[in-house]
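Novice: The primary structure of each chain is shown beneath.
Number of protein chains: 2
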Amino acid sequence: MKKIQSALISVFDKTGIDKIARKLHKNNIHIISTGGTQKHIESLNIPVTSVESLTDYPSILGGRVKTLHPKIFGGILFRDDHSEDLEEIKKYNLPKIDLVIVDLYPFGETVKLTEDESEIIEKVDIGGVSLLRASAKNYSKTLVVSSRNNYNEFISYMEKNNYCTDINFRKKYASKAFGITSEYDSQIDSFFGVSSGEYPQLRYGENPHQKAIFKGDLDKIFDKINGKDLSYNNLLDINSAIRLISEFKSTTFAIIKHNNACGIASCDTVLSSYKKALMSDPLSAFGGVLITNEKVDEDSANEINKLFFEVLIAPEFDDKSLDILKEKRNRIILRMNNFILDKLSSKKLLGGYLQQDLDTAENKVENWSVVTETKPSTEQIVDLEFANKIVKHSKSNAIVLVKGNQMISSGVGQTSRVDALKHAIEKAKTFGFKVEGSVMASDAFFPFPDCIEIASNAGVHSVVQPGGSIKDNLSIDTCNKAKISMVITGMRHFYH
Amino acid sequence: MKKIQSALISVFDKTGIDKIARKLHKNNIHIISTGGTQKHIESLNIPVTSVESLTDYPSILGGRVKTLHPKIFGGILFRDDHSEDLEEIKKYNLPKIDLVIVDLYPFGETVKLTEDESEIIEKVDIGGVSLLRASAKNYSKTLVVSSRNNYNEFISYMEKNNYCTDINFRKKYASKAFGITSEYDSQIDSFFGVSSGEYPQLRYGENPHQKAIFKGDLDKIFDKINGKDLSYNNLLDINSAIRLISEFKSTTFAIIKHNNACGIASCDTVLSSYKKALMSDPLSAFGGVLITNEKVDEDSANEINKLFFEVLIAPEFDDKSLDILKEKRNRIILRMNNFILDKLSSKKLLGGYLQQDLDTAENKVENWSVVTETKPSTEQIVDLEFANKIVKHSKSNAIVLVKGNQMISSGVGQTSRVDALKHAIEKAKTFGFKVEGSVMASDAFFPFPDCIEIASNAGVHSVVQPGGSIKDNLSIDTCNKAKISMVITGMRHFYH
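First to last, the sequence lines map onto chains A and B.
If you read the first sequence in our numbering, its first letter stands for residue 2, the second for the next number, and so on.
If you read the second sequence in our numbering, its first letter stands for residue 2, the second for the next number, and so on.
Don't read these hints as lab results, they were simulated from the structure.
Idealized CB from N, CA, C, for every residue including glycine.
Treat the hints with caution; some may be incorrect.
Claimed, not checked - Simulated restraints, written as ranges between beta carbons of each label pair:
#	chain 1	residue 1	chain 2	residue 2	range
1	B	His83	A	Glu85	37 to 45 Å
2	A	Leu45	B	Gly198	31 to 39 Å
3	A	Lys376	B	Ile471	53 to 61 Å
4	A	Lys376	B	Asp224	50 to 58 Å
What the hints assert, rightly or not - Short, incomplete list of chain B residues facing chain A, as computed with Cβ under 8 Å:
#	residue
5	Leu78
6	Glu89
7	Tyr93
8	Ile121
9	Val125
10	Val130
11	Ser183
12	Ser197
13	Gly206
14	Glu207
15	Asn240
16	His259
17	Leu345
18	Ser347
19	Glu374
20	Ser417
To be verified - Where chain B lies over chain A, by a calculated footprint (3+ residues, C-beta under 8 Å):
#	segment
21	74-87
22	213-227
23	252-264
24	272-286
Build out the structure end to end from the sequences listed, making use of the hints.
Specialist: This is the structure:
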């Protein structure tokens, strides 16, 4: 526990500072401040040491530079367990600062209130962020309070602990400070990025009544060689398309709608892959996002041109294919660059960010176990692998049916696995496929043997699934009775 | 265009600096530097002015404080169109700094390489971030280069423009700098947050082979009063549950699986609402996330207790209900607090962030237009509104069927709207509901009249949809022929 003896306070919004300043003063904590905060605390008849008197340097440039001085930052950043640092504290007469309270200039609020850019820019806090970051870095001795939301908790903690702090409390508050500065700079980044044209401001978000931007550099990912501006929903689908196609090495074509593949096939050529992908679900393909991992040639372009679609992505296009495809001005044609796929996902929700490693692990056939009496044939293993790659990129719960490197149908995004399977079987029939002799992939285990029963009755001959249910043996028994094969991968692929 | 005359360079990784320093020197640009960068440039026989000689202040605390001095920050931050600032430049003999090149200490990389916390903390860059942010703020005169990835583009630009910069180029680079600092502080936030216990490190992500954390404060959202740790997938479902339930003012109960409602109903009591919600799809409800907007009492608890579920969320629980519900130790019971729902969504993808306002707009009945000869009854309007609120929070494409404030079924997450509708009809029958007399909501318009035909054949009596298709009139004609009513809201609700 470290006793607090001095505090630097620099706040834009003075709310709540009266109470804190009085308590600090009452507990003989020396207050350092500057500008408006200093005047505010002095008006409460509480003594304050000005930053300027410590640094012997005035506030300059209309207040743009006030606290950025080695005496202040040295007083925050010195390590109290380093003898060299302690010697320098003496040598340069640096103040020891144990507590830093900052309320940043309200950048985000100002952006909402005015379009006057010089007013907005003055609200980009430089000194305040530097104070927060320095004191957070040195949490081993300094406590940082970075938000008015924490004042009450901070005061109760102080009162309870007699104005001493323990390291874990200081570290938690350091984390909060970096959370604040990260969000703050993200807001500035958005404003500067949109107003400079660095970031595309999308026409709207998922729906016309939602505003949206993309904060990134799409030129790294692809060259847009034709078509209208990309929409929010296009970007979601393009992301799904690129991640899906990255699973396949041989010539493959996929059609994406609402972030799921509605058609996908691997075949000798782009043309034949496209034709087979379209067969999976020619109805959903309407207005879809198309992607292939090989060069688009004239023949493929002629065939693809018959479909109404939104986006076509490929690593290469020959000149003749482009002549054909560019006939429609709005149609978006993207030449994919070599780039590194994202490794992390992050979603803003519940007042925070939910972050995870993306599901980039390769689900290798050599790690699979055949658990049934009937073994899958070599051709079936190829199809099982193909199906498993698709189910990995389909929204959960998902079931994928494959025959000869062609997805014959899928059931996706369902609250029940049985429904996903039933939809897949029904859909295969709708578009003229025979389920007989197909293979099935499931993104997660079967809690009951019902899915295996339904699948084998429909004619599925082989199944791939992660396994791991306490009732796996019931599914295995059902396979054995039906004389179909099943492999267990040990790797679940939920995806939402 | 502003001519560059002086540059401050401070880089951790010296790669690429040789070329830049030589070109700057050749173009008579005065170089200011400190520490390792200074030595590196001097070793190229290029003259460098040290930061220390400008500030008359030494580098202190083992290099923790080097550039944080008003002379340096004044030289970056002065406004070259403000006469007062220009006078202060003279008065305090501040150097004019036009270009700032910084490569930050590699925090993220260090975290991957070592677990030695003091080594990690030394890699929290304070001075570098302050330099980047100050020069980015003052993009009206200063150019900031914040990443080695931009060196090539920066050099070509300089060569082409004779070492002059225009304001939009400077602003784009300012945006890049804030993007860098925001990401940098987000990484520090993650590290400090997890290691201090401020942020829960989840057991795993969507799947066991993915690592995950939640960066936020769940205590603001709810109090956990029973059960195991929340999982990644729990948090996704809890988010969906809370957003959905926030639409309803009267007593309502919803059951969520894979981010979609598999059951929901509004009725007199929590008990009756729960029973009706469960009826929608008792199969999917297994292992689901349950939510209500009223106090859970003993009767409801007894009934809910019969179901195997993962999470139950409510604003209040009476003591007897808790005695019952807490019997199972793993079961998660959350008491929801009053909090402000997120207004923005942000998803990391395609090397950037896709951000939008969330779909929080109220789709008000008074703004709806009845477009058919048959008008919906008062009861039907109530059901249409209920259905439309559910479809807004269901994954697209989505169709919801409702009768008497009870969802009788839905089709969600489909690549085709026809499939979503077919699934909804089929599912209603599976669980013993009659579609006859129900109402239907669609999250987006009908491009063709096929859905209306299928729905009216199944017995749907009234339809709500956003409208906006060029073929709306075909759907309206089909309604009129079938003597069913349709309202158009003008507000689409895609949700992925």
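Novice: Next, verify each hint and record whether it holds.
Specialist: Going through the hints against the structure:
1. Separated by about 41 Å at the C-beta atoms, His83 of chain B and Glu85 of chain A satisfy the suggested range of 37 to 45 Å.
2. In this structure the supplied range 31 to 39 Å holds for Leu45 of chain A paired with Gly198 of chain B, their Cβ-Cβ distance being about 36 Å.
3. Hint check: Lys376 of chain A to Ile471 of chain B, Cβ distance near 54 Å, so the stated range 53 to 61 Å holds.
4. In this structure, Lys376 of chain A and Asp224 of chain B meet the distance hint of 50 to 58 Å, their C-beta atoms being roughly 53 Å apart.
5. Taken as an interface hint, Leu78 of chain B checks out: its beta carbon lies about 5 Å from the nearest beta carbon of chain A, inside 8 Å.
6. Proximity of Glu89 of chain B to chain A holds as hinted, the smallest CB-CB distance being about 5 Å (cut-off 8 Å).
7. For Tyr93 of chain B, the interface hint holds, the least distance from its beta-carbon to any beta-carbon of chain A being 7 Å, beneath 8 Å.
8. About 11 Å separates the beta-carbon of Ile121 of chain B from the nearest beta-carbon of chain A, more than 8 Å, and the hint is not met.
9. Checking Val125 of chain B against chain A by beta carbon gives a least distance of about 4 Å; that is within 8 Å, so the hint holds.
10. For Val130 of chain B, the shortest C-beta to C-beta distance to chain A is roughly 6 Å, which falls under 8 Å, so the interface hint holds.
11. Because the smallest distance between the Cβ of Ser183 of chain B and any Cβ of chain A comes to about 4 Å, under 8 Å, the interface hint for this residue holds.
12. Restraint check, Ser197 of chain B versus chain A: the minimum CB separation of about 4 Å is within 8 Å; hint holds.
13. Of the supplied interface hints, the one on Gly206 of chain B holds, with its beta-carbon coming within about 3 Å of a beta-carbon of chain A, less than 8 Å.
14. The interface hint given for Glu207 of chain B holds, since its Cβ lies 5 Å from the closest Cβ of chain A, which is under the 8 Å cut-off.
15. Residue-level restraint check for Asn240 of chain B holds (minimum Cβ-Cβ distance to chain A is 4 Å; threshold 8 Å).
16. A least Cβ separation of about 5 Å between His259 of chain B and chain A falls short of the 8 Å threshold, and the interface hint therefore holds.
17. Taking 8 Å as the C-beta cut-off, the interface hint given for Leu345 of chain B holds, the closest approach to chain A being about 6 Å.
18. Annotation: interface hint on Ser347 of chain B holds; nearest CB of chain A at approximately 4 Å, less than 8 Å.
19. The interface hint given for Glu374 of chain B is broken, as the beta carbon of that residue sits about 28 Å from the closest beta carbon of chain A, more than 8 Å.
20. At a threshold of 8 Å, the smallest CB-CB gap from Ser417 of chain B to chain A is about 4 Å, leaving the interface hint in force.
21. With 8 residues bearing a CB less than 8 Å from a CB of chain B, the segment 74-87 of chain A meets the requirement of three and the coverage assertion stands.
22. A count of 9 residues in the segment 213-227 of chain A with a Cβ less than 8 Å from any Cβ of chain B is obtained; the coverage claim is therefore met, three being the minimum.
23. Using a Cβ-Cβ cut-off of 8 Å, 5 residues of the segment 252-264 of chain A lie near chain B, which meets the minimum of three, so the contact claim holds.
24. Closer than 8 Å: that is the beta-carbon criterion, and the segment 272-286 of chain A has 3 residues meeting it against chain B, so the requirement of 3 holds.
Comparing the model with each earlier hint shows violations of hints 8 and 19; every other hint is respected.
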